[in-house]
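J.: Sequence:
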Amino acid sequence: MDATRPGARPATQVPRPSIAPPRPAAPKSRPDPSALRVAGGFAAVAATSAMVSAMLASAPAGSAGGAITAAAPGQPEVVHVVKYVTLKPGQTAPPQAVVQQPAAPAPRIVTVTTRQSGVKP
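My numbering puts the sequence shown at residues 598 to 718.
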C-alpha cells in the first residue's frame, strides 16, 4: 500500500524472526587412544613371545640347538618304543611280553528275601 494515498494507513514494520540456521553443537572431545594402543602393543608382544617359546619347547632337542647327548661314534641311538595292545578273549601275549591284568570289578552282593523262603522282611 502506498502511504501517499489519502486515507491509507502508514506502513508499519513488523520485525521478522531471523531465518539463520541453528549453530551445530560442539563435537564431544574423545579420549586419547595412544595409551590403549601402547597396552595393546605390549599384549601383542607378550602373546607372540608365549607362542614362540611354546613352539621352541615342542621342537626336537637336536633342531632347537639344545643340549645334545651324542652316542658313541658308530653306535646308533637306541629308542625304546612301548606299545600297549589289548588282547581279545582267547588270544595269547607274544613271548617275553609283560602282561598287565585289568582290574577286576568288585563283586556285587545281592540279598534277596521272598515270602516263599519263610523269612519275614
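Be aware that a few hints might be false.
Each pair of labels, with its calculated beta carbon distance range [stated by the list, open to error]:
1. A694 to P673: 44 to 54 Å
2. L633 to V682: 52 to 62 Å
3. P673 to V649: 28 to 38 Å
4. R613 to L633: 28 to 38 Å
5. P630 to V678: 39 to 49 Å
6. V649 to I706: 43 to 53 Å
In case anyone wonders, no lab produced these hints; they're calculated from the structure.
Just so it is clear, CB atoms sit at the ideal spot from N, CA and C, and this is done for glycine as well.
J.: Could you run down the list of hints and mark each one as holding or not?
T.: We went through each hint and held it up to the structure:
Range check, A694 to P673: about 24 Å between beta-carbon atoms, so the 44 to 54 Å window is missed. Taking 52 to 62 Å as the suggested C-beta distance range, the pair L633 and V682 conforms, at roughly 57 Å. Separated by about 33 Å at the C-beta atoms, P673 and V649 satisfy the suggested range of 28 to 38 Å. Taking the beta carbon of each, R613 and L633 are about 52 Å apart, not inside 28 to 38 Å as hinted.
In this structure, P630 and V678 break the distance hint of 39 to 49 Å, their C-beta atoms being roughly 56 Å apart. Restraint check, V649 to I706: a C-beta distance of roughly 59 Å breaks the suggested window 43 to 53 Å.
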